[in-house]
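Enquirer: One letter stands for each residue in the lines below.
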Amino acid sequence: MPDTTYLYLIPFLPLAGFACLGLFGRRFPGQTSGWLATACIAVSAAMALSTAFGYFSDWGREGGGYASLQPIDVPWLVFTEELAIHLGVLLDPISVMMICIVTFVSLMVHVYSLGYLKGADRLPTYFAFLGLFTFSMLGLVMSSNLFQMYICWELVGVSSFLLIGFYFSSPAAVAASKKAFIVTRFADLGFLIGILILGEGADSYDFLTIIERLTATMDPNYAAVMAPTFLGFSVIGWGLGLVFIGGMGKSAMFPLHIWLPDAMEGPTPVSALIHAATMVVAGVFLVARLFPVYAVSVPELLSWVTLIGVFSALFAAVIACTQTDIKRVLAYSTMSQIGFMMFALGVSGYGGEAGLGYMASQFHLFTHALFKALLFLCAGAVIHAVHSNELKDMGGLRHRLPVTHACFLIACLAIAGLPPLAGFFSKEEILLAAYQRNHTVFYLALATSGLTAFYMFRLYFNIFWGQGGATGHHGHGEGGGFMMVPLVILSMGAIGAGFVPFGQFVTSDRLPLETHLHLGFSIAPVALGLAGIGLAALLYRKPSPLPGQIASRLGAVYETVYDRFYVDELYQFVTKQVVFRCIGAPAAWVDRHVVNGLVDFTGNTALKLSETVKGLQSGRVQQYALVFLCGLLLLGLLLMYIF
Amino acid sequence: MNLTAILAIPTLTLLAVLLVPRARQARWAALAGAVAQLAASLWLLVHFREARSSGDSGFLFQWQHAWYADWNIQFHLGVDGISVAMILLTALVVVAGVLVSWEEERMSKTFFGLLTLLGLGAYGFFCSLDLFAMFFFLEVAVVPKFLLIALWGSGRKEYSANKLAIMLMGASVAILMGIIALMYSAPGGQWSFDMLHIAGWEIPADTQTTIFALIFIGFGVFTALFPFHTWVPDGHSSAPTAGSMFLAGISMKLGGYGCLRAAVWLLPKGAVAYGDTIVVLSVVAILYGAFVTLMQTDLKYINAYSSVSHCGFVLLGIGMLTKAAVAGAVLQMVSHGLMTALFFAVIGMVYARTHTRQVSEMGGLMRAMPFIAVLMFLAGLSSLGLPGLSGFVAEMSIFVGGWERGTNFHQAATMLAAMSIVVTAVYVLRAIGATMMGPLRQEAHSSLTDAAWYERVAALVLTAGMLAMGLAPEWLNELVGPDAAAIADRLAAP
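So the sequence lines, in the order shown, correspond to chains W and Z. Sequential numbering of the first sequence, starting at 1, is according to the numbering used here. Sequential numbering of the second sequence, starting at 1, is according to the numbering used here.
Be aware that a few hints might be false.
To spell it out: a stretch of chain W is covered by chain Z in this simulated footprint if at least three of its residues, at any positions, have a beta carbon under 8 Å from a beta carbon of chain Z; those stretches are [unchecked claim]:
id, region
1, 11-20
2, 77-89
3, 153-164
4, 171-184
5, 577-587
Keep in mind that the hints were calculated from the coordinates and are not lab data. Remember, predicted model here, so these are calculated numbers, not experimental data. Backbone N, C-alpha and C define an ideal beta-carbon position, used for all residues, glycine too.
Same shape as in the complex, but just chain Z (with noise of 0.2 Å):
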């Protein structure tokens, strides 16, 4: 398996977009692109598994090309059972959030053009094995969002886009210093922006905590750590169905995958000296979140607020630098990556029929669009950890490693963690209860339309993957198990 095409795919596809004669063909070009990377994404993971049960470990597939030479910049490419969860994620947001933007008319091969690019970003991102290569693929993620938000979004755009753009840009900076130190902290003076290499430098402990701080926080923004979370609620409300998609099901995994990466793996000191810390701003992020969204009336909001409790579960789990609450950690990016991106998709559907996202304006929407309200169902109890769907495996993982850590603060924190499960079922039911089931509020709905195809076909791929991780999850967490417990490994070496 070459890695490369995980990066040439997306860039033929960017290419298509843009040089097709016709922008309505833009689409279609979009699609077979998103389409081709999911299968090529697929054979990744066939591959991988083979690789990896014929006794291959560590990183695999590796491809590497010099890129800077002077400053020993490469373009180091690789993939351990994390990033190739992370691929596959990101590959089925991709599809479904084409496809959900079917109907985009305006500018729509830079529309389509800017999905590609992000998601081109994100694959990048997960295969890159050198720092320099992987912040700058973090860039490429960030640029389309911006545009996205503040040329096709709603309500404050311009202000929810100035908010994102510069809070994300500010927790890169944090990022890039983090990068720098690490540099300057090399042994022997031997530059290298290869993780392979640092992971096996000899850093003191307390230049390792003092860098992990940095990396750790500038990660931790992009997937919504306490209190730098303000951006999400503001971003997701006003992007377009698609931009909330790939914010909640990309964009903050890439936060929970650097923080795991960058800041867990490379800098063990660091991450033992703040895994308390961690473990308190996750379950204030947690609860808090939880009860915020409690408040909301827009279903937007509900959903990037609970975002922002589910984030903090992939946060918990990393503090809690435990095999099962590391895998876990995973397991609820990719979780939460697919049943957020579905719940915004059909908060687009029903924005599209009703032009209303309160609350309080709907009822009753079960009569006239049932697909859309089992869906609206699945989204719903997969976020508040129903069994067999997505969202019990990965929290039941976290809880059973954060419980494993055995001192009183950790599980003090594993209950309290565990609390939200009752305030989510709050929300998730309230919320659904109040737009799907009840009385018809407006006359007018009676007459709304179901799903069109493309809303069932992207419903159903990301419903797919998450029926496939929630019905046998084994597969999954085989494939990120043994780089969890590589990494916390790390962190239990003195």
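Chain W extracted, bound-state conformation (with noise of 0.2 Å):
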């Protein structure tokens, strides 16, 4: 293995550009800080895929599969002798995968963002913020440790909520910002309880440690937290389970998706890197980060983890196809994708051909990364043109917008899972998993899989085909160079991705897994895909009465689909009547005129106590000696009843 110290740069260049640009920002003129920035992160992409190449093709190999390496592990925080915080590097496949995705995603972003963001306001923030974050990703899943992830986790958090308040005078974004990161905050609460249970149990936060640890069924040192207790759950299990709740806030699995949606404020290029190709699918990562514990020690965790990715898939889906905001649509579709990859991991046994769900989430991961940041990106492309993110200012752009049509197309193909796109490929593992595990998981699946073909259609047909918006024509053309070379370069992306031999690199256990591919087999999710599309086509290609029939015709459902279920109006509900009518006030009230009222009672007891007894300090004479006399009398009196 050669020398690696050289990996902390990959994170660190994008904090340096964060620290130059938060610093001096204001001094670069134009469009000088968005070069600093895209320079950094493309020096970093540039070492991420030779890292990546080195790791794959040479120096990670070991006993026919890859290893797990550790080249960096510095203490940053002692709490006792077996618990500490490490800032570290852990290089093995799905973090090699990961840091190329990210910077790759990150580096395209920046390119558009000179483009897309070219003379607007506070420029250099923005470019600071988005180096931010990129170190904040490429920390998380590099971390060798469960604490310095959770570190990254808060970070990459914060970041978010910066750039999706990044236009701060809009209400909107200011409230979308504060949702995103007080929903993802309560669950991080879980995340943290779950460290502290696993760390306990592991007497670690060492990964590797952890792993070794509690995977080790037969150790009698670890018996006592793999043995069922609550609810009949081991201790390990609601350590897992509660890092899992800290997993679906970040990927915005129901009942802890509702603020990815309202996410769509911040800047487009932001919803592509951060709530489409990386920070959302932070929680599958780390499922897969800890998966071995996941599959060994706690099985039936991972049923959990199936419901959830599964329900997640088929209600966002399901929404995707009410939407009228072409960025609100995409984020249902992205956390029916995150539902996907999760409840591949579900599905998904420990090592070899049971391990097949692991390795399709994390192509799916991959793929998905390079098409939905594809569309995010035309998306702001289209957006850009008609200043409108609502599809009824849309339509009939593939004129005006020939290339931006092109790449979103394929992304559309490429999510709809029609071959030989990437999509294809890796949802084609996810569905032969869930086959092979759970029936019922399939056939919910493959007709999530139809809807998305649908609602992604849906979309297309209406901004690129029928008739001009209510905006009519008067809106830009396509965006200069900057905003389509990324188009292109991921378009390429998501058309040839899926012809990555995955098992060959990532999986549960990390030897090569030989993947075939089931003609049979794919028959029904592309029969339906194609469906799905022609289903849009026949609705959407021309301006018809049709969609509008069909939703006065389903009512009241068509309205709770329209309205999200409902849900962000239960989230109002408890966070307005119950937290904030039913224990604020109740405590400020108590605050304030019980506790405090005592206070100010014996206080006032103390002056009223005074005010009656100074009355004997009077001054007149004759008071003083009638009081003397009665003294005397009493005392006189006492003397002689006791006597």
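Two independent chains are provided; combine them into the complex using the hints.
Expert: Below is the structure:
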């Protein structure tokens, strides 16, 4: 293995960009800040790709598979002899894959932003935040320590908050940024407690140590934490379950998904990077990172992962069919696709053929990052052209935006799972893994896959076909080269990524897995995909009254779906009525009137008491004489009575 | 390193502030003294680390002088890692506090004199090894607070100043009673106020328990022990900016340090007996403080109630009685001191410009004052425990230390306390969102000026401390760790 201490530069270059732009950004003229940030991330991306090349082709190989290497490990905060936060780098197939995805998509987004935000206000701030995000995300995927991951987890959360709220004058953006942070923070509470439990159980926060110790089911040292306790789950089961809640929050799984659609208030390139390709898959990555422990020690927990994953996939796909904001449709589609990755992990086992779901999940994560980033960047180009997010303002744009049109079509075909585009391969593997484990999950996933094709092409036809939108054709044409080049590069990825022999590289046990394409098996998903596209073409290719009629025929059902099943309203109710009115307000009242009331009462009583007693000190001699005599008399009586 | 320097510099500063010929020169004298003291504190840190790494343990740089020989009262100075951390924190807060008061023109000699005196009291408190001297310095630090609020305050300042002074004086009475009771339990009638002697005494468990309650409650009032916290919101909100910063950054730390040094360390059996009670009260303070903060509309009240919640973490760490938790309590004191002082400084800057502290009357201020907005983000994010800033390090240390206790009770308490990270996020983001972000609420606010040089320097001093702790916490953890372990070991001993 070559000297890999340079690896720390991969996250630290974007951080240096952040620090530099954050401190001195205002002094940089024009686009310089953007160029600086792009240069930093370009070097990072080059280093990441060369690391991946070296790792997969040369020094990462070990005994027929790939090694887990830990080239950097520095103590950061030592709690006790065993428990300490270390900052380190863990290299294994998933982290190597992730650093490539993160740096590559981030580079594309940086380049795109140079065009998209040209001449915009506060450009240095924007690029500084992008750098902070990229640093945190890279730190997250390279983490060698559970607590290190939590640190980066929080930092990606705050970068996401800052970027969603980038247009800080807009109340919607401010509300969305707060919502994103608070909902994910709520989930992070689970993650944190899970960390405490796992750390206590394994006597370490180090990933490799945790995995080694907590999968040793025969080891008497760890028997206690694996024995069933509260509600039938072992201590480790509870820990992993709580950690999974953290993952659900970041990955927008039902019911913690409500922040993701609102997060679309941020600049569109940010949505492409954070809310499509990288940060939102952190939950999937987290489960994958600890997968041996899930699969070996608490396999029953994986059925929950499956359930939540498949439900989120279907739920989001249904909502996506009704939304009219282009970015919100894409947001629900992201949630749905992450659901696919999540349940693929849920139906997977550890090692060998049983680990197909794991490999499929990571494969889909990889391809999805490319085509979903592409979709968002295309949507950005469309929004750039028509100055609106609403489908009603679009239509017939295929002539005005030919490159965007072609790229968007490629991405739609990829996400719909049509061969030979990238999404086809990864989705096939997921469906196959589901079919081998659980038929119900398979059929639900199949239905979702059909819906995906439908809602994506509903979007496609609405934007690029039909008639011009309400705003007419006075907007811009296509953005400049900075915006087009990333689109074209990502399109090539969306076309070709499926041909990567993924099973050779990334598997649950890091040993190669032979995957075969079962042509017979592919017929149903592809046919359903084509049916979805056909239906969308029928309804939306030309202006037609049909969609409206169907919606009104469905009535309340359509309304419920359009209003996202009122989940947001439920949260609103809980926060406003329960947290604020039933906890906060009474607590504040008690503090002012009871706790503080007692303090004031003590003070006032002392005052009153002295008020009463002070009457005696009147200065009138007669009164003093009277009191004196009375006292004397009383004393005399007392003495007589006693003796 | 001679510890008397730590007391001599503020004393000379005080004299200089009072003797300079013109009132406007007082601020320069105060600033020069504060900076010199900061340099001395850093010098102390360097020497302390050197001495510790060469194998010295316990209290270093001891200096002793008989004060009142008949009662065996000594002027005994000495520092361990915890005191060094506290001295450093105080020095940072004093520099920042003097700077934010730069334009204070009313009776400025007295004002800066009182700030220096308060600092002097804190320095003496943190390096005293004699209980009597420690108590003396505690009182030295209380009186200036009353005057600062009553003379330079705003709002219901007389009420707040009275309440603060009376509650803290009441607390002092409890402490004094505890100290006297401790003297009467001296073995063989050998009176000594010297903590190094007292720590070696064999005191019966029930005596320890009684005295512990007195001393702990006394110091607890200083650090907002529930339900004796009500002086905090009123006191903070009525105090001038530097007064609030000193209250949160220094005064509340006197309490935490006193609890640790005079109660837990000297009376380990008492601490073990009351540990769980402390845990319960601190968890109540953490959550209750956080929920009350949610409902506040005045920026100073928001920060004051959040202090109740954050100081609950200090007491929680102490009550957990493990090394990591006790170290976490000290880290939390440092962290809370820095971030709350910064928050109050920012509130002062905003108030000086907008003349309001009501959240609903602000909005979109980031456009006009980006520097102040960044500071508010930093203080707020540290408050909600963002990694990279100071709060995270302290809270995690307390959580890990609490969880380590292993019992269901302590783990449940840790979980409940951890819930505050969500509530904190809600109130911090609401406050920042409503004041700095969003559309401009008042047209007049578009022409406000950003921070002046002295405000920038003040904020940078505190921010530097926060970052030094948040980015590379191990130096601080190493500084306080061995002494936290020494305290925790005494608790574990049968």
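Enquirer: Could you run down the list of hints and mark each one as holding or not?
Expert: Cross-check of the supplied hints:
For the region 11-20 of chain W, the assignment as covered by chain Z is violated, since 0 residues bring a beta-carbon within under 8 Å of that chain's beta-carbons and 3 are needed. For a cut-off of 8 Å, the count of residues in the region 77-89 of chain W with a CB near a CB of chain Z stands at 6, and the three-residue condition holds. With a threshold of 8 Å between beta carbons, the proposed coverage of the region 153-164 of chain W by chain Z holds, since 4 of its residues qualify and at least three are required. Counting residues of the region 171-184 of chain W whose CB lies closer than 8 Å to any CB of chain Z gives 7, which reaches the minimum of 3, so the coverage claim holds.
By the rule of at least three residues with a Cβ nearer than 8 Å to a Cβ of chain Z, the coverage given for the region 577-587 of chain W holds, with 6 such residues.
Checked against the numbered hints given earlier, the structure breaks only hint 1 and satisfies all the rest.
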